[in-house]
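Engineer: Each chain is listed here by its residues.
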Amino acid sequence: MTLDTDPSTEDHIRLNAEVGELERLTAWLDGFCERHEIPDDAHYHLNVAVEELALNAIKHGRCSPAEGAIEVGLRLSGQELQITFTDTGIPFNPLNAPPPELTGSIADRPIGGLGIHLVRSLMNSVEYERAGGQNRLRLKKDL
Amino acid sequence: MAGGMEIIREQRTNEVVLKVSGRLDGYWANHLAEAIHDVLREGVHKLRLNLSRTNYVSSAGIRVLVQAYKEFVGVGGTFAIVYPSPGVKQVIDLAGLGPLLFGGSAGETTAAAEPQAERTEADGCVFETYSHEPSATLACRAAGRPELLPNAAFSGQECEVLTLPKDVFALGLGALGEGFAACRDRFGEFLAVAGNAACQPTDGTNYADYLVASGTLVPKVTALYGIACRGGFRKLMRFECSPSGVPLPFSAVLAQARRHFPGTSLGLALVAESAGLLGASLKRPPVAADGGAQRVFEHPEIRRWLSFSPERAFTRSVAVIAGVASDDPPQQLAPLLRPITPDGAVKGHFHAAAFGYHPLQKGRIELHPVIAKLFDTGGLQGIVHLLADDRPAGGGGESLLLRGACWFGPIDRFVSQEETL
Numbered sequence: 000m001t002l003d004t005d006p007s008t009e010d011h012i013r014l015n016a017e018v019g020e021l022e023r024l025t026a027w028l029d030g031f032c033e034r035h036e037i038p039d040d041a042h043y044h045l046n047v048a049v050e051e052l053a054l055n056a057i058k059h060g061r062c063s064p065a066e067g068a069i070e071v072g073l074r075l076s077g078q079e080l081q082i083t084f085t086d087t088g089i090p091f092n093p094l095n096a097p098p099p100e101l102t103g104s105i106a107d108r109p110i111g112g113l114g115i116h117l118v119r120s121l122m123n124s125v126e127y128e129r130a131g132g133q134n135r136l137r138l139k140k141d142l
Numbered sequence: 000m001a002g003g004m005e006i007i008r009e010q011r012t013n014e015v016v017l018k019v020s021g022r023l024d025g026y027w028a029n030h031l032a033e034a035i036h037d038v039l040r041e042g043v044h045k046l047r048l049n050l051s052r053t054n055y056v057s058s059a060g061i062r063v064l065v066q067a068y069k070e071f072v073g074v075g076g077t078f079a080i081v082y083p084s085p086g087v088k089q090v091i092d093l094a095g096l097g098p099l100l101f102g103g104s105a106g107e108t109t110a111a112a113e114p115q116a117e118r119t120e121a122d123g124c125v126f127e128t129y130s131h132e133p134s135a136t137l138a139c140r141a142a143g144r145p146e147l148l149p150n151a152a153f154s155g156q157e158c159e160v161l162t163l164p165k166d167v168f169a170l171g172l173g174a175l176g177e178g179f180a181a182c183r184d185r186f187g188e189f190l191a192v193a194g195n196a197a198c199q200p201t202d203g204t205n206y207a208d209y210l211v212a213s214g215t216l217v218p219k220v221t222a223l224y225g226i227a228c229r230g231g232f233r234k235l236m237r238f239e240c241s242p243s244g245v246p247l248p249f250s251a252v253l254a255q256a257r258r259h260f261p262g263t264s265l266g267l268a269l270v271a272e273s274a275g276l277l278g279a280s281l282k283r284p285p286v287a288a289d290g291g292a293q294r295v296f297e298h299p300e301i302r303r304w305l306s307f308s309p310e311r312a313f314t315r316s317v318a319v320i321a322g323v324a325s326d327d328p329p330q331q332l333a334p335l336l337r338p339i340t341p342d343g344a345v346k347g348h349f350h351a352a353a354f355g356y357h358p359l360q361k362g363r364i365e366l367h368p369v370i371a372k373l374f375d376t377g378g379l380q381g382i383v384h385l386l387a388d389d390r391p392a393g394g395g396g397e398s399l400l401l402r403g404a405c406w407f408g409p410i411d412r413f414v415s416q417e418e419t420l
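So the protein sequences, as listed, match chains A and B. Residue numbering for the first sequence is 0 to 142, as defined by numbering that gives the first Met the number 0. Residue numbering for the second sequence is 0 to 420, as defined by numbering that gives the first Met the number 0.
Treat the hints with care, as some may be off.
Looking from chain B toward chain A, a few residues come up when the C-beta cut is under 10 angstroms (computed) [as the list claims (entries may be wrong)]: (1) Gly-3; (2) Ala-59; (3) Leu-96; (4) Gly-343; (5) Lys-372.
Derived lysine-lysine pairs resembling DSS-like cross-links, with alpha carbons at most 27 angstroms apart [unchecked claim]: (6) Lys-58(A) with Lys-88(B); (7) Lys-361(B) with Lys-18(B); (8) Lys-372(B) with Lys-165(B); (9) Lys-165(B) with Lys-45(B); (10) Lys-139(A) with Lys-58(A); (11) Lys-165(B) with Lys-219(B); (12) Lys-58(A) with Lys-69(B); (13) Lys-88(B) with Lys-140(A); (14) Lys-346(B) with Lys-361(B); (15) Lys-139(A) with Lys-88(B).
Hints listed in this document are in silico derivations from the structure and should not be mistaken for laboratory results. Think of the CB as a built atom: it goes at the ideal place given N, C-alpha and C, for glycine as much as any other residue.
So here's chain A without its partners, still in its complex pose (with noise of 0.2 angstroms):
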């Protein structure tokens, strides 16, 4: 395995608030792990979290305009990879979030609630900020 440490390792890009521009996160995510020999579970990972962060904020963050509302940063820092998530929905904390019902009959659990609980079980650190009338999230995973 081969990990690039040169800090210029960066990308990024910006999405429509859509349900449709999922796929193309996607494949961005993909190249920039296959560009950088990210190993598979950390490359499912980070899949998993900012999937579930992009999906929140088109579903429940009233983006408008949808144009351009998201956009997600990658950058690979030694053993370390550092996701930044901004879009410009209503103000939502995502740690403030009550933690999931995980135990007990399933016909008694809510769906939903475990988007946010995956991200944080997946990322080694989550903080947030609420600056410039958008959502900062910056995330962390080991390598």
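On the provided structure of chain A, position chain B as indicated by the hints.
Structural biologist: Just chain B now, with coordinates in the frame of chain A:
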């Protein structure tokens, strides 16, 4: 981690296996949800998802899996994920759902207490009839003056407020609310079953309305005319046409029910997956107006009065149907019954309420929870008066059903309008 999804279906003896390749993400999750619903609609209640070649799942995908699990368990069936890929297994475990979704027995219900059913086959369909309430009977009463409908001549003098508790089913023309004045702009077809009353308003809104019994609230309908029956049903008949895939005419279901109580008047309530309902509904309230006598059923006026399509409506819906049938109608009910079989020998009156699709549990089920669930989940689409149009050329036929449950029993008492049920 390429995009896309492919679903391969394997039909086994008593179950279906779906092999899912690709991504189960926010973009493709609905594709799988539709495939799962198609399995349920076919009446298959045992499904395994082989996710060995699913390389990705997100919470949107998990949502589909959990929803599927709940729906299959809800109908007494089985849903399980087999051979999950490592990545899929990790995410589902992180969601705390592994022990429930992986394996083969989750959700399976025991059949140990299932009573014996009398099984017959006819018209390519299977009928299983259970004893339901062995000594139950029905008492029925007509209300109002149906003979005023052809001239739309109803006034406040003929209408009557019907109280509709859980042991009553009723149908006719009416509106939710109390009193002629409050309802005069909305009178249309109504249907009440198991403490739930639904009305098709004629005030131009075209949105069916309903009331559900809750606590001390008992639904009431102001009826221009109608039939109300009180009591219980002796039999439950399940019918299933999936072996042939050819839907069953409503009159064939009725014929099977009548076979159990020949020569008697019959009351029934039925819940079934519809392949299309043939019915009509009023467009305007049939109340007396200043403009003189109306001719509701004459051409061309009928077009202003009745909504009717020769094509069946409410395909892929769940229909609740209730009414009475008799080959020798008693005097009290005769004005309300019309021929409903090709030879005209059987007369009846049935209304149907259509709902969005919900799978029905197999086996012996209870009327009240099934009806309550339909109303609870919303999705009431409309109420129609069922028609049977068997003219050799141009006749629209009748309503068609794929599978369902029919509760029925003899009517042993007819109550005059001066009495109460």
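Engineer: Among the hints numbered above, which are violated by the structure, and what are their numbers in rising order?
Structural biologist: 4, 5, 9 and 14
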